[in-house]
Each structure stands twice: as C-alpha cells, then as structure tokens.
Amino acid sequence: MSVSTERTISVTVNGVPRETTVPVRRLLSDALRHDLELTGTHVGCEHGVCGACTVLVDGQPVRSCLVLAVQVDGKAVTTVEGLARDDGRGGEVLHPVQTAFRECHALQCGFCTPGFLMTMAAGLEARDQSTEITEDEVDEIVGGNLCRCTGYANIKKACRHAAGLMREEAQ
Amino acid sequence: MKPAPFGYADPTSLDEALSVLESEGESAKVMAGGQSLLPLLSMRLASPTTLVDINRVPGLDAVVVGDDGVRVGALVRHVGLLHHAGAAAVQPLLARATANVAHPAIRNRGTTVGSIAHADPSGEMTSVLALTGGSVTVATPAGSSAVDWADFFIGPLETSVHGPAVVIDAFFPALPARTGTAFEEISRRKGDYAVCGAGVTVTLDHDSRVTSARASYISVGLVPEVHDLTEAVVGQSADTADWAAAGALARTLVDPDGDLHASADYRRLLVGVLTERTLARAAQEAQNR
Chain A
1 MSVSTERTIS VTVNGVPRET TVPVRRLLSD ALRHDLELTG THVGCEHGVC
51 GACTVLVDGQ PVRSCLVLAV QVDGKAVTTV EGLARDDGRG GEVLHPVQTA
101 FRECHALQCG FCTPGFLMTM AAGLEARDQS TEITEDEVDE IVGGNLCRCT
151 GYANIKKACR HAAGLMREEA Q
Chain B
1001 MKPAPFGYAD PTSLDEALSV LESEGESAKV MAGGQSLLPL LSMRLASPTT
1051 LVDINRVPGL DAVVVGDDGV RVGALVRHVG LLHHAGAAAV QPLLARATAN
1101 VAHPAIRNRG TTVGSIAHAD PSGEMTSVLA LTGGSVTVAT PAGSSAVDWA
1151 DFFIGPLETS VHGPAVVIDA FFPALPARTG TAFEEISRRK GDYAVCGAGV
1201 TVTLDHDSRV TSARASYISV GLVPEVHDLT EAVVGQSADT ADWAAAGALA
1251 RTLVDPDGDL HASADYRRLL VGVLTERTLA RAAQEAQNR
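Residue numbers (this note's numbering), protein chains in the order written: chain A, 1 to 171; chain B, 1001 to 1289.
Bound-form chain B, shown alone (with noise of 0.2 Å):
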C-alpha cells in the first residue's frame, strides 16, 4: 500500500507545469488535492513516472461570481464552494452537491476541479457539471480552451484531454430564472460513496405549470447524462405534478451497472425514488425564485 517510485516536480507557474508535463510525456500526471489519485497510486492501480503537483501554481484558488456563472479555479477544495454564500446564489447546486462529497477531511484537501478531471461517474461534481450545462478550460502549451461537458467525459476515469495539459477552471452557469434544483444521494454510510444520487432542476412558467424537469445521477451510468423528463410532467402545476411518472420516466432511461454495494436493479428502483422525491423539492423552491 505504498506508491510506486515516481518522480516529483511542484512548479511555481502554469507555463513551467506545461513544460514539465511536455518533457515528461504522457505518464507524467497532474496532481492537485490528491484525494483520488493518491489512493489509486496506493493501491498501485496507476503508476505515473511523473507526478506534477499544481500546489504551488498561483491563480488557480479563485471562486469567481457573476450573472452568467461560477468559475471555480482549479485549486479550490470542496469545502471552499461548501461555505460560499456568492456562489450558491447564483447556482445553489454547488453547496448542495459539494455537501455530499466524502468527509470534512477528504474535502478540505479534494478540489472540485480535480473531481471533475478524474471523471468518476460515482463523482458528484462531474455530474453538477452536466446539470448545469457547463466547461471546464483546458491549458496546453499551444494555449487554453473551453471544452463542453458533453465533449470532456468518455468513459469511466477518462476524458477527451491527452498529452500535455492541465484543466485550470471548471464554469458553472448560472441557474435560471422561475428555477428549483435539489440533490439527494444514498449512501450505505454517511459521506460514503453514493449508491445511487440525483441533482435535478425544476423550471416553472409564471403561473407555476412545469416548463422543464432535468435530472442527472451519481453512480450510473459510466459518464454524466443529463436526462430530460419534461415530457412526465410539462403543463402540469408545481403543487400537484405527477413526480411519480417522472421517476417512472427516468427508469426507462437509465442503465446502471450491478456491483457489490447494489444490484442494478435496485440502483434503478433508487433512481425512480430519488427523482420523484427531488424534483417535488426543486419545484417548491422554483416557486420562491
């Protein structure tokens, strides 16, 4: 249970961490809290020759608020957007998922960013980032980019950036008007991985009837999906929605996978439970915004 020898570097600049990375070639790795990578290398399930640790790199620890979204550095641990008023104004489903992450301790190390770069479809910020529609900003030597959601994750612990790069900042868009969200997860323990989670939003017109309904789960599936389930619930009132047929809904639409915690079944039956009760939630809170 201890790492294989590796070399370290701990740059002072994103520049000198892209010419690192450049040199040390593709198993060179970005480290920034660790909290998953480092029980990988424990474990020995990966062995980079090269680990570049961002730590030191100036700029990346910044939460920044505006109308249109959170960008969150890539150096921001989970218990920086936890307790940040700013930021779950504009798009309360960063408290409310962040809250779910692991321990007080796992999450005063484990960047947001950092969860997202690791894709685990057992993450919850990676699905967050599918929710909301977001990117993250991926720096190369050849300079940065916006890469959409939708393009960055391609499979369990893999996305779509190789070769010298490190995702600086994931942006988060602002949650719109008239719009409720809600996330809930069970987990066999407190802070443990979830067995099944789901972040939903709820968007009403003026006179309170669903205009939208979208969910997005925690441990199913092998990448985010964002799941639309308007089609249960559209025209109906915030107070008296068929949440129950929407949750029927989302089970047709998921295909999660069997392990040891929990059949895929009864991941499935978790999914119909966990939309039903949270979409009722988001659309009492779409009321009042």
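One chain only, chain A, in its complex shape (with noise of 0.2 Å):
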C-alpha cells in the first residue's frame, strides 16, 4: 500500500466528468473552487460549522470542507451550479428552492445561500410530499447553516414556500 501526497482524481460534477490532480490533503471545497474552478460554493469558516460550503455528493448534502477532494474520487458532487434544472428547450429553470429564496426574499448578502439551497433542496426532495411541511422539519433542514445578515424568518418562510411548491410538482 502506497502513502501518496498528490492524487489524480475522477469526479462527475454537475452531470460533467471533470479529472483534476490534487494534494492530498486538498479540501472538496478548496478542489471546486480553484482547481474546477466553481466559485458558487462558499467558503466561510471551514471548520464544519456554518454550513456554506454544502455540496451533494452521491445526492446527499455534506459539508465540503469536511471532505477531502481524494474521498470524492469516482463520486457524483453537485454543487449551487448544478441546481437549476433544464428547461427541455436549451435553457435551465429555477430549482423551486431557488425559486422560493426569490420570492421570499431569503437573501441579503447571499454569501451563506448556496450552502442554503443545497441543504434545502437535499432536505425537501427527501421528505414525504405528501404530507404538509411541519415547523420541526424546516429547523430540522434549515438548522446546520448560519445567516448572518437575515435573522432566518424568511429564509424559513422559503422553506415552507419551496416544500409547497414541490409538493403541488409531485402531484
């Protein structure tokens, strides 16, 4: 068994298959920004606990900068980038927490919001649409990340509106 210090590396990001030689000790969060160079996910304590830095890897939301880029190796990430869905005409449509942060005006500075929408949509897609969103669940989902400038009402209210929004989708 060999100890490496730089890797080669295989990840599909976005649907994209992107290869990209890293340090070993080379941060997920640290890969997508500089080496593939998708700036949509933020930085902002990394240490595991503000959440910004959220990314799906093999469709479930991990904290990027808890992972090292050569643990994603032959994985799926999507990232903020990969959110919007296509329009089936040659554009991309809104993903409905995207569409919901908008509409509630769940941002201000929006430096902590891609790390929002990824938990969000991860947390939403994986619950029972059938049923009406509760309280519990939104602080369930919304409760690893931090907002600085918003106070979280309506980034909660977008919550509730975006589970809405998937729930009127899966009927």
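Because the hints were derived from the structure by calculation, they are not lab data.
It should be emphasised that the depicted structure is a prediction, and the values quoted were computed from it without experimental measurement.
All C-beta atoms in this analysis are idealised placements derived from N, C-alpha and C, irrespective of residue type, glycine included.
Just to be clear, a hint being listed does not mean it is correct.
[As the list claims (entries may be wrong)] Below are the DMTMM-like pairs computed for lysine to aspartate or glutamate, each with C-alpha atoms no more than 25 Å apart in a straight line:
1. K156(A) <-> E135(A)
2. K75(A) <-> E1016(B)
3. K157(A) <-> D1192(B)
4. K1190(B) <-> D139(A)
5. K1190(B) <-> E132(A)
6. K1002(B) <-> E19(A)
7. K1029(B) <-> D1151(B)
8. K1190(B) <-> E135(A)
[What the hints assert, rightly or not] Covered stretches of chain B, going by a simulated chain A footprint (3 or more residues, C-beta under 8 Å):
9. 1019-1032
10. 1187-1193
Join the two chains into one complex using the hints; note that each chain is given alone, in its own frame.
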C-alpha cells in the first residue's frame, strides 16, 4: 500500500465528468473552487460549523470543507451551479428552492445562500411529498446553516414555500 | 484553515490498513467519517503525518441486530442508525441519541464508531456506549479483541488504544425487559454541541415499581460515566416516583466544568432538570415494554 501526497481524481460534477490532480490535503471545497473553478460553493468557517460550503455527494448533503477531494474520487458531486434544471428547450429553470428564495427575499448578502440552497433542496427532496411540512422539519433542515444577515425568518419562509412548490410538482 | 501536509492511504482491506498503520508509526491517524478529525486538521490542532482512510475497507458498514444487542460497523454513518427500525427495537437509545448528533449534513458523513473512537465528552454516542454497558472491537496486527467501554475511555479525546489499531465496531447490548429509555439535550442552537445532555434507563418490576434508574451525561465530566440513581426512587411507583429526588442526587454525583457557554453550576443545574424529566419519560415507556 503506497502512501501518496498527490492524487489524480475523477469526479462527476453537476453531471460533467471531470479529472484533476490535487494534493491529498486539498479540501473538497477548495478543489471545487480552485481546481474546477466552480466558485458558487462558498467557504465560510472552514471547520464544519457554518454550512456555507454544503454540496451534494451522491445526492446527500455534506459539508465540502469536511471532506477531502481525494475522498470523492469516483463519486458524483452537485454544487449550486448544478441546481437549476434543464427546461427542455436548451435553457434552465430555477429549482423550487431558488424560486422560493427569490420570492421570499430569503437572502441579503448572499454568502450563505449556496449552502442553504443545497441543504434545503436535498432535505425537501427527501421528505414525504404527501404531507405538509412542519415547523420541526423546517428547523431540522435549516438548523445546520448559519446566516448573519437575515435573522432566518425569511429563510424559513422560503423553506415552507419551496416545500409547497415541490408538493404541487409531485401531485 | 488548511490542513498541514500529510500522506494519504486508502487501503482496501483491514490487513492492509493495519500494515500501513504499522509502517507509518504513531503519528498516523485512522479516518472514517472525518467530521471531527478534519476540523482538528484544518485548525492544526492535529497534524498526523499520514491519514489512513478506511472508507474503502469492505465489511465495516453493517448494522447487525441480534437478540443480545446491536453491532455497529466502523463505517456506519449516524444517519444509518437514525433510521434503523430493527436496531431501535432492540436498543432504542441508538436512534434517540443519534437524532441529537449535529445536523443532517454531518450525520450523512460522520460515523457512530468514529465518534466513539474520538472520545469527545460532548459526543452523544460515547455516553450511549457507557449507559448500555457496551464495548468496542479493536483490530491490531496481532488480532482482534473486545474492549469494555469502562476500559476504553481514558480522558477527553483519549482512549486506551495505541499503536497500529482500528476500532472496527461497537456493540450496544439490548435493552432489558421492563426497561424504558429517554434522551434529551439542551443546546444553544438546534443540532449544536450540547451544553448538557442526559441519557437514562429505568427498569420496573411487575408491579411497576422502580428497580433501577441510571443516567449518563453529555458535556459533563472528562470521560463518559454511568451514575446509578436507583437509591433515590427504589420501590416507588413509576407514576408517582420522586424523580426530583433522583435529579438532586445526580447533581451531587457529577463534576462538570465551566466554559464560555455555561458555568459549572449551570451545567449541574441542567443535570438535575434533565434527569428529572428524562427519568419520568423513561418510566412511562418501561410500563409498556
């Protein structure tokens, strides 16, 4: 078994196969921003507290500052750049959580927004769409992300609104 | 806030993992979920020369439920226990405590066994291992052996395991008959580290009188401990027992530290409050088991 200090990894990012060579200590958050030039993922605290860097790995939300880039070799990563959906006419439509953030004024400076969007999209997609979302569910979904501007009221409102939009879509 | 340089190995068998650990020496570190380790690396509170990532080692990702208890493999994520109905039926504290571990994004990645091996006194699963009388299996190049929880935790972030070794699973014994459990935390924000937490078990006889009441606390003391509170409520009816007396007893048994978020006195107060609340709930549950 060899111990390496640099590795070449293959990752599917937002549906596109990418290959890059990184030092093994490179955090996924930095690999996305520096090596793959996807700067939508924001880096806040860099020790797993703020949630700004949340991305999906194989569909599950994780904090990209708490994962090494080498650990996603062979996996699929979705960042905020991959959240909007194909509209079938060569363009894109916003994901319901993005629509809800816009309609509910759920962002001010926008720094924490990518993390909230990814966390919320995954949290809402995983829930049972036949039931109305509860306050406890909203707290559970957004609880791991920090926002220093909004006071959370509009973020939680957007979460409820997005849940409603996704329920309508599911029906 | 970047980790210091290190070497990385991702072995594909346990033997290979142990042999890398042996050749790299004491400053090599095992990584499973990395949710506690990577912050330590980024803040440079730890700088191992080599990280041995065990995520590609097969056979460590199983939750094995038996009549005698639940065996949790080293790669089982918190989320895997949170939604495991079979495990919850045999030992309800597993799902109850896991629900208090951080946030979904952390639970998707962090492992239960990893948090036990990390031995943080503010971790939930260390206390659950203690309260259930559990053990861990430690694999070394010389073979595997079970280590009882009481012999495992030495101090904050310190266990009795040294040298080339991987904690490959944790075993949580089944909940005995006529026994109920409860788990509750007080934290400053939902999912944040507990200022204080309590896990308890209450056992009743067939007349619904208390025969045992035990508690283990989170963020209180340097290592997980189990406190026997039976003497405060023994023989009393589950419906009318003096749980406040048990809470008062608990406050005399613990030795919490103060920090930025809570003084030692406030933590001691919370121990009393949480003990009273959780014991009452556990006793109600015990009547139906």
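Verification of the supplied hints:
1. Using a Cα cut-off of 25 Å, the hinted pair K156(A) and E135(A) holds, with the two alpha carbons roughly 9 Å apart.
2. Taken as a hint, the K75(A) and E1016(B) pair is honoured in the structure, with Cα atoms around 23 Å apart against an allowance of 25 Å.
3. Note on K157(A) and D1192(B): the hinted pairing holds, with a Cα-Cα distance of about 22 Å set against a maximum of 25 Å.
4. Restraint check: the Cα-Cα separation between K1190(B) and D139(A) comes to about 8 Å, which is no more than 25 Å; the hinted pair holds.
5. With a CA separation close to 21 Å, the supplied pair K1190(B) and E132(A) stays within the 25 Å bound.
6. With a CA separation close to 22 Å, the supplied pair K1002(B) and E19(A) stays within the 25 Å bound.
7. The hinted pair formed by K1029(B) and D1151(B) meets the criterion: a straight-line CA distance of about 21 Å does not exceed 25 Å.
8. A hinted pair counts as satisfied when its Cα atoms are at most 25 Å apart, and K1190(B) with E135(A) qualifies at roughly 13 Å.
9. Remark: the stretch 1019-1032 of chain B is confirmed as covered by chain A, as 3 of its residues place a Cβ nearer than 8 Å to a Cβ of that chain, reaching the required three.
10. Residue count for the stretch 1187-1193 of chain B with a Cβ under 8 Å from a Cβ of chain A: 3. That meets the three needed, and the coverage hint holds.
In this structure, none of the earlier numbered hints is contradicted; all agree with it.
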